[in-house]
Structure formats: structure tokens, C-alpha cells
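Chains C, D and S, in that order, are what the protein sequence lines are.
Reading the first sequence from the start, the letters are residues 1 to 429 in the UniProt record's numbering.
Reading the second sequence from the start, the letters are residues 1 to 558 in the UniProt record's numbering.
Reading the third sequence from the start, the letters are residues 1 to 345 in the UniProt record's numbering.
Hints listed in this document are in silico derivations from the structure and should not be mistaken for laboratory results.
Check the hints yourself; a few may be wrong.
Covered stretches of chain D, as calculated for chain C (at least 3 residues, CB under 8 Å) [said to hold, decoys possible]: (1) 429 to 436; (2) 517 to 530.
Estimated spans, in silico, between C-beta atoms of each pair [stated by the list, open to error]: (3) S:Glu100 with D:Arg88: 28 to 36 Å; (4) S:Gly146 with C:Ile289: 50 to 58 Å; (5) S:Val329 with C:Gln51: 55 to 63 Å; (6) D:Cys530 with C:Tyr139: 24 to 32 Å.
Because the structure is a prediction, the values reported are computed rather than measured.
For every residue, glycine included, the Cβ atom is placed at its ideal position computed from N, Cα and C.
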Amino acid sequence: MGAVVKYVIAGLVRYWLIHTDFWHTLSNRVEIATPLNSWKRLIEGVYLYDQNINPYEGDAFHESPIVLVIFHYLLKHVPYSLPFIFSAMDLLTAYLLYKTSRGFVRIFLNCQEKYLSDVSQESKDMVMTESQLKETSEYVLSVYLFNPYSILNCVGMTTTVLQNMLLAAALCGAAHGYVIISCAFLAFATHQALYPVLLIVPTAMILAEVNKGCNKCSYIKTLLAFVLSWSFVVYISAFIMDGSYNYVYNTYGFILTVPDLKPNIGLFWYFFTEMFEHFRLLFVCAFQINALILYIVPLTLRFKKEPILLVTVLLALSTVFRSYPCVGDVGFYMAFIPMWKHLFTFMQQKFIVACAFIITSALGPTVWHLWIYSGSANANFFFGVTLSFATAQIFLITDLLFAYIKREYTLKNGSSRTIDGKPAKLVLR
Amino acid sequence: MFNSKNFLFFIAVFIETIFNANGDLFNEELFIKPLPPAHLYTYFQFTTLVNDNLSSEHTYLAPRSLVEVLTRFQVDELHFTLTEGQWRHNHWGYPVLDAAPGAELYAWFSSDVENVDTQWKKLSSTLAGLFCASLNFIEDFNTITPQMALQPTGAIPQNPNITSQLRYASLPREIVCTENLTPWKKLLPCESSRGLSALLNSRMIHNTNYHSIGVHTRKVCSSSDCSVVSLEIKQTVALVYDSKIIRTTDWSFTKLFGQGLPGGCPLASSSKVYVDITTNDTQPFLLSPEPEKVLLSQRGGSETKLALYTIKPENKMTTIGAKYISKKDLVLMKLPPLYFNRYVLGYGKEFGGIVTELTNTFWSSIDVVVLQNAPWWLPIQLSSLRINGEASSEMVLARHYSPGRSRQKPYHLELLLRLPPKSTTKITIDFEFVFLKWQEYPPDANHGFYVGSAIITANLPTARNYTSLPGTASLFESSINASKPWYPAVFRTNGVMVSLPTPDFSMPYNVICLACTVVALAFGPLHNICTKELVLKVVGSSVTLKQKIINLFKKKKE
Amino acid sequence: MAFTNLMLVFIFNLLYLSLSSGIEIPEEFQKSNHTNNWAVLVDTSRFWFNYRHVANVLSIYRSVKRLGIPDSQIILMISDDMACNPRNPRPATIFNSAHEQINVYGDDVEVDYRGYEVSVENFIRLLTGRVPPDTPRSKQLLTDEGSNILIYLTGHGGDGFLKFQDSEEVTSQELADALEQMWQKKRYNEIFFIIDTCQASSMYEKFYSPNILATASSLVGEDSLSHHVDSAIGVYIIDRYTYYVLEFLENVHPNSKRTMSEFLAVCPKSACLSTVGVRKDLFNRDPSKVPITDFFGSVRPVILTTDPINIVETPKRKKKTENKTKVQVKRDYVPQFPMHLVQVT
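Extracted from the complex, chain C is given alone in its bound form:
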């Protein structure tokens, strides 16, 4: 009953906000809409497509052709129900996330069971009970439904709403062991925004975990399914564009080479505005490697026992370091944070991070207005805010990881921090 009320309230808030005058402002905010996902560009792309002009010939549209066709259909036949569709998609995302977290809890409990023998005697009370874990799913649901970031994202009617739904579906599929569903949705999400490709690693691990049996076979099966479905969507897109693969330059190419330097909440825009021309390629490569490849192998090796933590961290990292992030991405990975409620006691920077989130979220629009509209500030102000927002997110991620390894240590060795009666502290070596 309580859950239904939550859904209804969250849905009504979204639906109502889309119909207020704020919608126009919100759908154009730089924090919400990037060149990749904005409603305005979607409309333009659909319009051009409708007029038989290739939307990928120009610079207006960077979404995948499949999204183009879907929205072309929707705008043509049910234009008035789009606010409803967007709200519904977001609610569905929330539901899928809830289901995912339920699945994750089960995996979590299994894992805990497996390594129970390693837990030291004095830390036995730290082992999670099922009821404790069950309620985290409720938190996940509430956080996604009432997180201002995800509400704003939905109200802005960005294609990130669809992206989040696809990701949630992929993870939900993984959590329940459906290889094909999970891979298909992940492939579609990857096709849309490229960065979800990172998630194939934890997904494969979760799937292997859930579907007990030969691990290697499961990995290969997942990878194969992913590659096949990715190639399929790429091919379908080309089929939609009359067999031409030129759209790739305007979707993946656009994401990778960062030609549009419109400010967003990420790190790329001002960095590449101020970059010296002959170093541009080097730094584009460096930043994209940082976002796409760099962390995946070490983190996988380190947290191979915890694919769920890997999902959370990789989602968050790819959000911070992607070329066109928006608050919708932030809202999405934030929904996973309550899953780690049991780590909160080990986190040291909760307060700082929370303050930084609040302050930057308030300051961002303010300095943007000062810079763009009243002309009394300059780009550095907004850059400073986005920089601290990114720093806050990074602190959140690293703090979460530290908390995890501290808890891991505590479980194994007990909570006493003394060596031979002398006070000691935990350090990395």
C-alpha cells in the first residue's frame, strides 16, 4: 500500500511539473539537458527525419536512429501523451530498480553465506540479516522516486529517462539471471550512450553468480549475447538510415570526440574549451580512456567477490567522467547508494559530500545565470561549481570503496584497533 502511494505521488509530481511553466526552463537547463539527450534536439531530429532530411547530415541530433524512429512514431501518433509516457517510464525505472535491488539482496545474502566462515567471532553481529537487507530495497525505490535529480531529469523529458530505464531493465534482468534480456537492454543502452558498455563486466559476473554452473561458460555466453545484440542494434540503426553507417560519426563519434563544448556538469567542456589545439587529441584520448577503460580491470580484480559494488562504482565513475553527463545519470547511480547503508558507519566524508552536493546544486544555476544572463560573472565561476560537484561525487565513490574495504577488514579481524594493547590505525600498504 505504502509503495503504491509513493508511486502515485512521484508520478503526479513529475506529471504536474511537466505541465507547469517550469517545464520550458527545466528542459533547457544545461545541468539537465546536454547536446546528447535534450528534448529540443530530439524534436529537431524527429522533425528533420519527418521532412526527409537526414538528421545526421547536420549537427543537430546525436541520439541513436532507433530512438529517432520511436519518438517519430510517438510524436506523430500520440504527441499529447508524451508527458505521461515520460512519467511512466521513470516510474517503471523505479520499479525495475526496486526489483533489481531485491535480486541484488539475494545475491548479497548468498555471498555472505559463502564467506561466513571468514568472519571473525567478534564481528558476527555485523553480518546482515535478511530483514535488514530487505528494507534497503524500499530505500532504493524511495530514493529514485524522490531524488530531485531524477525528478528534474524526467521533467526535462531528456532521453536519459529512456537510458535509465534500459539500464534498470538490464540490471534487473541480470539480477534475475535472464542473460538475453539483460544483454539486449544493455546493448541498447550502450548503443544510445556508449558508456554503459562498462557494465558488461559486472553484469557477466552477476549472471554467472545467479545462474550457478560453469563460470567461464556463463561469461562467454553473456559476452557473446552482448556483442551479438549490440551488432544487431547497430545494424538495425543502419537499416533505418537506409543502410548508411554515417550516423556513427554523429552518435559514437560525437560522444568520443567532444566537438560540442556547451557547459554541463562534467569535466570535459571547459577543459576542452581551453585546451591548446595541438594537444587536443592527446587529452581527448586520455580522458576517454579514463572514463571507459582505465578503472575497469583493476576494480574488477579487486572486487570480484562483489559485482554489485562494482556496478555501483562503475556507474558512478562513468557518470563523473563521461563527456556529456547530466543530473539524470547522477540520480540513477544515487539510487544504488542505499544498498550500501551498512557501510555508512564506515564512511568518513558523508557530511562533506552531502554539503558539497547541496551547495553546488544551488550555486550552479546561480552562477550560470550570472554568467550567461546578467553578464556579471564569467565562465570560471560555473567551471568552479562543476569542478566541485565532480569532486564531491569522486569523494562519495572513494569513500564508499574505503568504507567497504574497512568493513571487509573488520569482518575478518574484528573491530578492535589495537596491536598488543597499543592504539593502532588502519592504513593502506
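We have chain C already, so just place chains D and S on it with the hints.
Showing chains D and S alone in chain C's frame:
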């Protein structure tokens, strides 16, 4: 060796050669039209007709430097103007030839040319050297190929695909000054020593509200079936004087040009001055000296009276002037059949819109082509195109849109509209500001960015306020009594200016360092977590700050 | 027609041969490699309040043009349009003083690089000859090993750099390297380098290529000052150093016997308020024996001969007989409006 006799003979032979040049014809004309209440339009037209077989190696009266360029790059038709100021169509009526503010260049290449784009680039940079203008800034990203708005004025081979040979670019920021006039004058056979071009004194012509110099070349038929063509080179100067600047409404050559006319150019077949005295009925003035002839021109339902002066090369210094007899304070302006206005909407540096307003004052509908040309840094959204506030309008007969690409291609929209009688049509389109890389901003980034004017091609049903020549004619006299069913004209709206958001130009190093630091903030801890393990380490009794300092000193002593 | 052509050819051949063959060239001419003169005149500052820098560069332009260097051999770079600037109350003029003595802009001026084209890249490309393809001749420095080049720079500078358009700068090292590249590519015989900026002498201190005579309006640590303000325009109208240079050059004529040492002493500290710097160590000749027209004019040794010359054979110009059997294409005028898209009712 060189005695004077020999030299004289040489000169004589030389001059004879020039005069015997078979059929190169040079005509100079000056058209003066008062634009009540306070302006005066003067239009110079120097027309050279090259009848001989065209070769770049030798020319008679035509400027060799230009002919060489035309033959080398196989240009069929070329239009180049440099303009400062804005022609105000609703006040001044229509000019003989309209031009966009700044530099404007468009050309049709011969159908033999395959790589039009490379030829175009070469042509523009060559002309940059010829006219001291920054035409080498013409690149792919500011060149368009108009589909409907521009038609070749000359005789062209019957080729259905003629627009593919056309390239158009305008540089609205281009400044126009003496350094452009100097090479322009050097193309004339008499340069600036004799003839009407002697009037073009740079100190006077840059002291005007509007000045425009132009070079227009085309192929004209020289046989009845048009299988033989000759090259026509037309050099034009259009000036609009403001009576407030010259401090009087009476005008004379000395007041306008700083000197009288020292006779016609001896190489010209004719040197004529036309003064439009139609306004004499409402605002009477006296011309001095008396005109040779007064011509009455009936054209498309409107009547024009022209006073004609023929200038002979042997004439003494002449100055033509007008003195107003009585001054009426209120002059009722007759609006031209079509006029337009263009402006930018919005505030802030995030989103905006461009509005083009077209007013048809005539009693029947007028067909126009409107060409909007937005640079790549001002992306327009076709989906936001509204005509009188409506997304789809019955006025649109045809449309062409070519979307832009950043740093590669401008946005280009052409609309063929039928403007209803006695109406104002408002075309609105939204754009978004683009954030450029810091090295792409010009040195004066906060000056603002110019957006080129829109081209409006109209098929006017009336010749009211119309002064252009008929399409097939070369000389001004052929516009007298030239009634036609339609009066096509190409106009330019005013340009607009936007100010793009700018980054901090002094910050590159700081920004690079700060952004990299944030990346390192993630990399460092993640690296530690992945490569190191947690261990307990004895910290001992907590050391106070005081002790720490003491310890530091102790170490140093040791 | 044919007769006229022949006649012309004959006369030109006579002219040509009379100068090229059969004459003993006196020894003093053989020593000098100097055959032609070029000038590169650069104003690097934009914005109206830098009017004086445009006046500076045009003063030199006017002088070298008057002394005989043709426009085709003068590369004039002006960063902003002052003459036709809307703020200029007297359009198309730039004066050297508030009394409007000399309109340095004149009626016959050809600016080769203007506005945004004046950038460090274009300047270095021009000097070293590494211009992009399709650059017109007027934007190229087509010098050879016999060229004497006058380089004049003015703008805002500091210790070791010169600002271009208030957005980028060329350093003294870059400039020195560009000149060395010119020397190695045999792009000059001698260079006379003048610079009128603050701390100007810092710009030539790094030079290491031979045959360069350099002078600067101020030493390191000194400012170059402007001469006076024109209240009608509201800005400083010319810089001190160039003002006195123009005053001096106005009295130089193509056949006058003034020498470079006089030029180097043109602005004493009492007049300039800054010390004019001179660097002679790279220059082989004694400036007091070098005529000023070696750099500012285009005066070359000319020998007149009265001896008759026998022309053995007149080379005949081969007339190309092109087969002009081109298929005549039928052409037509087209309507000036897309009538095919409009249904005429």
C-alpha cells in the same frame, strides 16, 4: 638611340592599337537620384564589353588581371561587392544593384569544372590579393550553394544542374576603405585620371551613409542565336549621401566628390550622366547646367523623368548640381511594394531567435525567395521555424534546408513564399549559442559576431521604385521604357549581430591543471584501493603539535 | 596589327639588350649583391585607442613608397581599420599630427594583410615563405638573395615579446629563428629592422643571423612614448620615434646622399624621451657609408651607355596556333526567379 621622335611614334602606335581593338566597348554612366527628404543616391557603372575571343594573354580595355582570373578558374559569372552601411529599402526604394554589408562573393563556374569547391577556394584567395580584402577567410564553413535565390544573370548553356556550379559566401565583418578602392580603380581603362572615375575621391565617398563597390562579370549574347558570347565586366559604385553630412540638401559634383568632372574618359564609347528628376514635381529643384535632354520613361506603370548629360572627353571641367527652390518640410514617402526588416530575439547568451519581417504593400500577392544563412556557430532549429506564428503555412511554395555542421558547413534555409497582398509576414526561427574553443574566438571576442544578411529574391509585379537594368541589357539607357511582365530583383536584408558567450582567455593553464587534478583525485584513491591492502599500524601515543615541532628541530640538530 | 606587335617586340628587345650585354660593369657594382628592395611593415595592435600605431606604420609606408619601392614589394599589415572607423571624424584619412600636415593614408594605398589576418602565424609564414598554397602574390614576400628588406614593427610589446592584436604574441627568440631561416633559405641580402614598441630593443637582442642592422625606439626597461594627442579624435595620434623618423624621411629624396648613420641618430633622447637602441654587430658595412636608399628606396645602380649595339638576330615570338574549333554551345538567359516552382494562375 631613343630619340623623342621614335618615342612619339611608339606612343602613337600604342594608342592606335587601343582604338582599333576590335569591338572592346567601354561605357561609363552615372545615375543620380535624390531620395527625399535627406538623401542622395549616386550610382556609377563602368561597363566593359569584351567582344574579342577571350584570351588571358591579351586584353584591350578589359583589366587583364581580372580576365586572367576569370579564364584561369573558368568562371562563367562573378559577383563581388564590398559594402559599408545598410541600404534602407523602406526609405530609399530599391538600388540598381543591392549588396550585402561587408564583402559578398558569388560565382558560377563553367560546367567543365568538376571540383568546384577547390576552384572556389582558389578564386576567393586570388581575389583577396586583387582587391586587398580578406576574402581568404572564405572557407567551406561559410560557403553555401543557393538553390533558388540566385540565378545567373548572364547567358548560360542549357544545363539543368546550374546551381551545382554556384558558390556563395559573405563576410559581414569585412571593412571597406581606400585600400579596396585603389585596386578597384586600377581595373578601369582610364584609372582615376579621366572620366567619371576621377570623381571617386576616397575621402568623399567614405563620408557617406552607404557605399558599395562591386565587380560583376557575366557572359552576354553577342549573336542573335546566342551561340557566340562575349564577356561583360561591370564595375559599380553606389553611394548614398546624407544631407546632414554634406550639410546641405543642394548638391553638386564639387560638394559630393570634392571636385568637378574633368571630361569623359577618352577610351569610352560614351560617358553619360542621368539625373532622376521625378521628385522635381514634389520637391522642385533647378539643375545646373541645363540638361541636354529630358527622357521620359514609362516602365511597369510608373513614370520616371531622367535628365541626360553626355560628357565628351574634350569637355572642360564640368560640375553638375541641383539647387532646391522651395523646401517642403513634409514629404510623403511612397513605400516600395516590398520591404523587409531583420532582427534578433531573446536575451542572455543561451538561446535566441532571428526574425525576418517582409511587408507587401502592393495590391496583389508577390512571390519571394528568402534565403537565411546562419553560420555554424549559430545553429538554427528548423523545427522552430514559424511563419506568422504557424508551424505550417500555405504561403510556403517550396523549401530547401541544408543543416550545418560545426566547423564544416553553415546552416542554409531557403523558402519560396507567396506574400499575400497588403500584409506583413513574420518568419521566426530559433537558434542556440555555441560555445567555441578559446582559440576560435577572434581577438575582439566581445565585439560581437556578425551574421550575414538574408537574401530576398522577389518577382515584383510592378516597377515602382525599381531602378535595375533589364536582364539582357548592359547599359543604363536600356532601362528606359523597359516594361516587362515581371521585375525580378535580389535584395539583402540588414545583417544582425550577436554576442557569443566567452570563456576566460587567460585561464588555459589553470583550467587544464584544475581539471586534471580532479581526475587525479579519483585516480589516486582508486589506485591505492586496488593495489594496496589495509593493515593496522601502531600510531603510538598521539603526538601533539608542539612535540612535532620540537622533534623537527631535534632532527636538524642531529 | 602584326606590324605593331613586331614593332613592340623590337623595341623591347633593344631595351633589354642595351642593358644586359656588352657593357663592362664597374667594380663597385659587382661587390654588392643588392638587386631589389622589399619592405614588411606591420602594425600589430587592434582597437581605436591604438590609432597611433596605424599612423606609425603608414608613415613608413608613405616614405618607402615615395622613395620608390612599388606597392607589389611592400607587405603592409594593419590589424584594425582606423581610416574608415566609424569613430574617425575624417573618414579615409590618417594624419601624422594634430595639425593634419600629412595624410599618411593617402589616396593610393594597398593593405595586404588586414584585420584578423594579422596574426603571429601569418607574419612568420610571410617571412619564412611558408605560405599556404593559393596565396596571392601580394601576400607573399618573394625575396631572393639580392633583396634588401626593411622590416618595421609597431605595437605593444614588453621584454622579449611583441603582442599581436592583444591576443597572442611573438617572442624575440621566435623572430630571431624566423630571420635565421630566411638567411638559410637565401631570402635576403641585408635586413634593416626597426621596431617601435615599449622595451623594443629586447626584440633584436636574440638575433644571430648575419647582415642585419637593427634599431629600436627604446631600450629594455624603457617605454616608448607617444607624441601628442589630437583632441578632435580623442586619441594619441603618433608615437615619438616614428614621428621624428617621418620628419627626417620627408626630407630624403631618391637621389639624396643621406646615410644610415644619420637615420640611426634621428631621435635623440631629448626628443624621444627614450633611448634609441642600435645593433650593428651583425651588419658588415659601416652604417655611415650605407646610403639610406639601400633600404628605404628602390635605387639600384644604373649605367647609361651611349655605345651602339649591333643586333644580330631578332628572336621571333612564336605565335601559338591554337585550334579554336570549339563546339559552340547554345546559351540562353534564364529567368531571374524560380518560375518553375511557382504556378502562374
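Status of each hint after checking the structure:
With a cut-off of 8 Å between beta carbons, the segment 429 to 436 of chain D has 4 residues touching chain C; three or more are needed, and the interface restraint holds. Coverage of the segment 517 to 530 of chain D by chain C holds [criterion: at least 3 residues with CB-CB distance below 8 Å; count 11]. For the hinted restraint 28 to 36 Å between S:Glu100 and D:Arg88, the CB-CB distance of approximately 33 Å keeps it satisfied. The supplied range of 50 to 58 Å is met by S:Gly146 and C:Ile289, whose beta-carbon atoms lie about 55 Å from each other.
Roughly 37 Å separates the CB atoms of S:Val329 and C:Gln51, a value that falls outside the hinted 55 to 63 Å. Between D:Cys530 and C:Tyr139 the CB atoms are about 28 Å apart, so this pair conforms to the stated range of 24 to 32 Å.
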